[in-house]
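Protein chains: 4
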Amino acid sequence: MKVGILGASGYTGEELINLLLNKKDVELVYITSRRYKGKTLGEINPRFKNTRFENLKFEEVNEEKILNCDLIFSCLPHGEAKNILEKYLGKIFIIDLSQDYRKDERAIYGLTNIYDVYTKHPLKRKYDVEKLKKYKIIANPGCYPTSIILPLYPLLKANLIEKDFIICDSKSGTSGAGKSLKENLLFCEVNENFYCYKPKGHRHESEIKYVLNVKNLKFTPHLLPINRGILSTIYFRSEATLKDLIDLLKDFYRNDENVKIIDTYPQLKFVNYTNEAHIYVDYDEENKLFIVLSAIDNLIKGASGQAVENMEILKNYLLKG
Amino acid sequence: MKVGILGASGYTGEELINLLLNKKDVELVYITSRRYKGKTLGEINPRFKNTRFENLKFEEVNEEKILNCDLIFSCLPHGEAKNILEKYLGKIFIIDLSQDYRKDERAIYGLTNIYDVYTKHPLKRKYDVEKLKKYKIIANPGCYPTSIILPLYPLLKANLIEKDFIICDSKSGTSGAGKSLKENLLFCEVNENFYCYKPKGHRHESEIKYVLNVKNLKFTPHLLPINRGILSTIYFRSEATLKDLIDLLKDFYRNDENVKIIDTYPQLKFVNYTNEAHIYVDYDEENKLFIVLSAIDNLIKGASGQAVENMEILKNYLLKG
Amino acid sequence: MKVGILGASGYTGEELINLLLNKKDVELVYITSRRYKGKTLGEINPRFKNTRFENLKFEEVNEEKILNCDLIFSCLPHGEAKNILEKYLGKIFIIDLSQDYRKDERAIYGLTNIYDVYTKHPLKRKYDVEKLKKYKIIANPGCYPTSIILPLYPLLKANLIEKDFIICDSKSGTSGAGKSLKENLLFCEVNENFYCYKPKGHRHESEIKYVLNVKNLKFTPHLLPINRGILSTIYFRSEATLKDLIDLLKDFYRNDENVKIIDTYPQLKFVNYTNEAHIYVDYDEENKLFIVLSAIDNLIKGASGQAVENMEILKNYLLKG
Amino acid sequence: MKVGILGASGYTGEELINLLLNKKDVELVYITSRRYKGKTLGEINPRFKNTRFENLKFEEVNEEKILNCDLIFSCLPHGEAKNILEKYLGKIFIIDLSQDYRKDERAIYGLTNIYDVYTKHPLKRKYDVEKLKKYKIIANPGCYPTSIILPLYPLLKANLIEKDFIICDSKSGTSGAGKSLKENLLFCEVNENFYCYKPKGHRHESEIKYVLNVKNLKFTPHLLPINRGILSTIYFRSEATLKDLIDLLKDFYRNDENVKIIDTYPQLKFVNYTNEAHIYVDYDEENKLFIVLSAIDNLIKGASGQAVENMEILKNYLLKG
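These protein sequences, in sequence, are chains A, B, C and D. All residue numbers for the first sequence refer to this note's numbering, where the first residue is 1 and numbers rise by one. All residue numbers for the second sequence refer to this note's numbering, where the first residue is 1 and numbers rise by one. All residue numbers for the third sequence refer to this note's numbering, where the first residue is 1 and numbers rise by one. All residue numbers for the fourth sequence refer to this note's numbering, where the first residue is 1 and numbers rise by one.
Just so you know, the hints here were simulated from the structure itself, not pulled from any lab data. Just so you know, not all the hints are guaranteed correct.
Which copy? The list can't say, so a pair holds if one copy fits it or any two copies do.
Taking lysine-lysine and the DSS-like style, the derived pairs with C-alpha atoms no more than 25 Å apart in a straight line are [as the list claims (entries may be wrong)]:
| hint | residue 1 | residue 2 |
| --- | --- | --- |
| 1 | 182 | 288 |
| 2 | 49 | 37 |
| 3 | 120 | 49 |
| 4 | 288 | 243 |
| 5 | 120 | 320 |
| 6 | 24 | 131 |
| 7 | 134 | 37 |
| 8 | 243 | 182 |
| 9 | 215 | 320 |
| 10 | 131 | 120 |
| 11 | 250 | 49 |
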């Protein structure tokens with residue numbers, strides 16, 4: 001399988017290359033980057049020296065090179081992704097890590113664990129294979145939405161949550177902001193600091209609402225002075241019992257090895273550098289509120305790890321029928 | 001003024017000593033610590049060398065020594081504080097930094113800025129000077145409660161908030177957990193990590209409810225991998241306009257130089273190492289929710305800085321009539 | 001291959017379990033820990049849930065259990081290791097991660113890359129297979145020594161360095177100090193801090209001198225406020241040219257994929273979470289000094305990763321003849 | 001005293017403003033910044049709200065405005081400083097924080113503690129008051145040089161150190177690199193990372209050699225993943241005893257309250273946010289080497305704090321005769 005990566009010099013691109021190194025059936029043949037154009041992976045990161053990707057060179061975006069691949073991962077920025085990818089729809093398989101196709105009806109929303117691949121649960125989605133064959137594009141979910149949709153999707157599908165009241169207070173490591181040269185991303189601006197950087201109207205809120213099909217859901221992102229990891233603290237009301245909710249989630253994800261409903265408080269140190277989601281549910285009797293804690297590594301489960309899952313499902317399940 | 005500090009070897013004790021160094025009219029005559037007993041301040045921390053406190057020695061808790069002081073700051077742990085302090089009530093002035101007297105009717109709840117010292121606002125509390133003269137004890141507020149009560153107290157007093165729905169999602173630097181030898185406080189357990197450590201029933205929730213006189217208020221604490229600072233993200237509903245809320249807060253704190261209603265997102269880097277509280281209010285039209293962001297340094301405004309404020313008010317205002 | 005780990009609850013133990021998870025021919029059958037006795041791996045760390053090690057329970061040190069293993073990794077503390085391991089010498093294979101056998105003539109000093117397994121270089125050591133068969137113990141090298149011996153061993157063997165002048169200024173992440181409950185390892189004591197914690201006489205200095213067979217070598221350890229990684233900055237004099245030194249090192253490690261002589265400055269971010277060593281050599285004409293920068297992940301190349309290398313060499317090379 | 005700051009928007013500028021806030025006899029009348037031009041201090045940093053500097057506006061560099069000040073602090077970058085300052089030499093007092101005048105014979109090298117202001121020690125330098133009156137410029141020392149020259153200057157003056165062998169291995173917090181938009185200063189590039197960024201030829205080496213008047217001195221800078229603080233680990237040989245060296249240093253700095261010769265290992269946490277230097281000396285008998293550990297806050301003692309010291313000495317000592 002010949003694979004290319006557009007925009008491969010950022011944090012998700014680097015993580016993706018790292019993950020593909022272990023996929024023996026994947027041949028990485030094409031990577032693009034304006035920043036590192038002309039340099040090899042081995043030059044950019046000594047970790048890639050003495051590996052089969054060592055001499056792969058960063059190139060420009062080029063139509064012929066793209067069409068030469070069986071699958072393209074796009075790690076291009078929001079906006080730029082659609083501009084470049086639109087004309088390849090239906091021609092080659094694309095897994096796009098930007099937000100550009102997440103609310104586009106032609107694309108599969110690639111939150112792998114809500115589909116019935118691993119577990120044939122009645123509440124799970126079926127892949128629209130016809131659509132995929134036609135447009136050949138999977139929109140890889142946003143990092144925050146992954147942490148929030150994983151616990152809420154099954155509960156909302158089963159009508160166990162009051163829809164008019166969901167608050168998602170999320171905190172993310174700084175790699176989620178990408179590798180761009182902005183003053184607020186400098187080490188001394190982030191280190192020993194913490195703040196809410198968009199108290200309302202973050203674009204991930206509309207992605208979450210679209211996928212969950214809810215109208216009222218407050219999402220608030222904060223910047224953690226760490227490299228990776230997202231923790232979402234989610235508040236909602238429900239008439240169900242705590243046991244009902246936990247049982248439903250455990251059942252929904254019973255064969256999804258990387259989504260774990262746990263009975264201890266999720267910690268970023270346990271999910272970082274893995275493709276796992278750790279979810280904890282509790283009921284606060286005193287305040288009549290449910291609280292969900294959901295943790296992922298934003299670069300892996302929240303981006304490149306999930307992209308690789310999408311690739312595997314594409315290869316092993318969707319394309320084989 | 002002869003001052004003593006009980007339990008002076010923790011983070012709040014150290015910060016308090018640091019702050020008192022600049023108070024020329026304060027004579028620090030007595031500090032206690034089991035851990036450092038027999039050692040001098042200069043030995044423990046070279047920063048205190050060449051200062052007037054250099055040779056002050058950590059001692060045991062001793063009745064005579066305590067009664068020899070005009071004012072005792074107690075940085076003893078919760079529970080232990082009450083055991084030791086109870087018999088001195090009414091005998092010498094005490095500012096207690098534990099939770100033990102915060103819900104005790106004999107004590108003044110020492111959140112300085114909600115009192116009418118700096119600003120004679122009709123919604124502000126009056127000090128109960130008679131009570132203070134009788135029991136002589138001020139309960140210094142908890143760090144989380146300080147960050148939450150400062151914005152909510154005026155709004156609730158003015159009946160501008162729906163009382164049955166307040167969610168406070170708080171994040172604190174690790175010094176808030178004190179200097180105790182627990183595995184979960186080791187560097188490698190906290191660094192590059194983040195989690196909610198008590199999703200329900202934290203003792204600060206009842207402190208906040210008691211002071212604000214509300215029944216439903218959800219408080220959730222998280223541990224930040226930084227030394228200092230608290231950010232509370234507070235969600236509530238209100239029929240008032242955003243302008244009403246901001247105007248009320250600005251008016252309430254108009255002469256309190258260290259409580260600032262700001263129009264940018266509060267960042268811990270701006271409040272840390274100061275005695276300030278930075279408060280931001282916003283309205284999320286789409287979700288019909290108000291959001292307040294409130295930031296303090298947990299060791300200064302949330303503990304020792306506020307304790308020094310209480311000392312100053314005691315000296316300059318309460319005792320002079 | 002049935003494997004056991006003594007003292008499996010510390011940072012090296014945890015990392016070792018993590019690495020063994022990917023070794024399909026390794027059956028982990030026995031782990032010990034006083035701290036976590038009776039608990040399962042899945043309970044201690046959700047990352048191990050849904051893995052084949054999930055239900056493995058921490059037990060006590062027990063002779064029968066130890067003798068039931070083909071190979072024991074010991075992550076016990078210095079001193080305690082020898083007390084427990086001594087009686088098993090020659091009975092089962094042991095890879096000891098403590099310092100206790102590093103200067104013991106019965107043990108193989110397991111710095112894998114200085115042996116002639118991967119590269120038959122004339123300067124490389126030969127394994128003393130007879131000794132190994134007799135005593136069956138490999139002393140896994142110290143973390144600091146690994147970073148220092150890797151560059152210096154070949155250069156000294158080839159007599160390219162002045163022996164009376166070597167200065168090694170090393171800096172290590174905090175996991176190197178283990179998981180013990182000491183005040184100086186608390187988050188707020190390490191974070192935003194940095195210092196030299198043993199300006200002379202660190203036990204690793206004598207380990208390095210013993211292996212390198214030099215009398216004058218100054219080693220100075222510093223504590224970095226990060227979880228992992230060691231950088232050693234090494235100063236020495238030589239009559240050789242820079243090219244000579246680099247060529248020799250490249251030749252010595254030509255087939256050792258994880259020891260990389262690179263032409264950029266080693267950074268911990270490139271070696272962390274890998275089993276690699278990155279080495280850079282430069283000559284400062286102005287001061288007539290050579291400088292070597294050497295970086296490893298202390299928990300992997302400096303401990304558990306190297307232990308797994310030793311296991312693999314034991315399995316694939318030494319025991320097969 | 002009317003004071004201006006050129007290039008006031010960087011880390012040293014901000015720290016300087018912070019320090020001047022407490023100097024009641026200083027009127028800050030002019031600050032420049034390209035980045036923040038037109039904005040007020042209160043807008044840029046809420047910490048300055050409700051202070052006497054709140055409404056001071058960042059302006060452009062302007063001759064008239066400069067000449068209107070009694071004293072200019074220049075925090076302009078290296079190179080740019082000289083271009084702008086040269087024509088004001090002798091006209092107004094200038095304290096320049098760049099490297100541009102540190103080796104310029106017209107300027108006073110402003111390492112305050114090596115002069116005979118506080119202590120009339122025979123080894124101390126005398127201020128060249130005539131030169132100062134003529135050129136009116138003080139070159140504020142570099143941060144690394146401050147940490148290195150403070151311990152070495154007295155020892156070299158007293159001929160207690162072998163001059164041909166001094167190695168200074170220094171580690172600095174990231175604010176030392178300034179606030180410029182460079183990829184290598186992004187949070188995720190620095191955090192959990194550590195490296196030597198200039199193994200030879202750093203410009204501070206020549207500054208140190210110039211001031212100490214030595215030919216062989218190796219200086220190596222490393223980047224610490226913390227905001228502030230420098231620790232220099234210095235190796236040298238001496239025929240003197242450890243006691244001789246310590247006694248000399250203690251005597252040399254006997255009235256300099258902020259230079260402390262301590263008998264514990266200097267830690268950045270003790271010097272950060274202070275204007276202090278902590279110096280520790282030890283002798284490694286086994287390797288016949290002396291080791292000095294020297295710690296400062298790079299932004300205060302290594303930059304703005306020392307600049308304020310220079311201002312105070314200028315006001316109180318030099319100008320009064």
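Here is what the structure says about each hint:
For the identical chains of this complex, residue 182 and residue 288 are neighbours neither inside a copy (42 Å) nor across copies (32 Å), given an alpha-carbon limit of 25 Å. With identical chains, the CA atoms of residue 49 and residue 37 are at most 25 Å apart within one copy only, with a shortest distance of 18 Å there and 42 Å across copies. Taking identical chains as interchangeable, the C-alpha atoms of residue 120 and residue 49 lie at most 25 Å apart only when they sit on different chains, with a minimum of 21 Å there against 42 Å within one chain. When the C-alpha separation of residue 288 and residue 243 is checked against a cutoff of 25 Å, the pair qualifies only within one copy, where the shortest distance is 15 Å, while the shortest distance between copies is 31 Å.
Proximity of residue 120 to residue 320 under the C-alpha cut-off of 25 Å is restricted to the intra-copy arrangement: shortest distance 18 Å within a copy versus 47 Å between copies. Taking the shortest alpha-carbon separations for residue 24 and residue 131, neither the intra-copy value of 29 Å nor the inter-copy value of 39 Å comes in at or below 25 Å. Proximity of residue 134 and residue 37 under a CA criterion of 25 Å is satisfied in neither setting, with 33 Å inside one chain copy and 54 Å between copies. When the C-alpha separation of residue 243 and residue 182 is checked against a cutoff of 25 Å, the pair qualifies neither within a copy, at 46 Å, nor between copies, at 32 Å.
Taking the shortest Cα distances, residue 215 and residue 320 never come within 25 Å of each other, neither inside one copy (37 Å) nor across copies (58 Å). For a Cα distance limit of 25 Å, the shortest separation of residue 131 from residue 120 inside one copy, 20 Å, qualifies, whereas the shortest one across copies, 57 Å, does not. In this homomeric assembly, residue 250 and residue 49 come within 25 Å of each other (Cα to Cα) only across copies, at 13 Å, whereas the closest approach inside a single copy is 42 Å.
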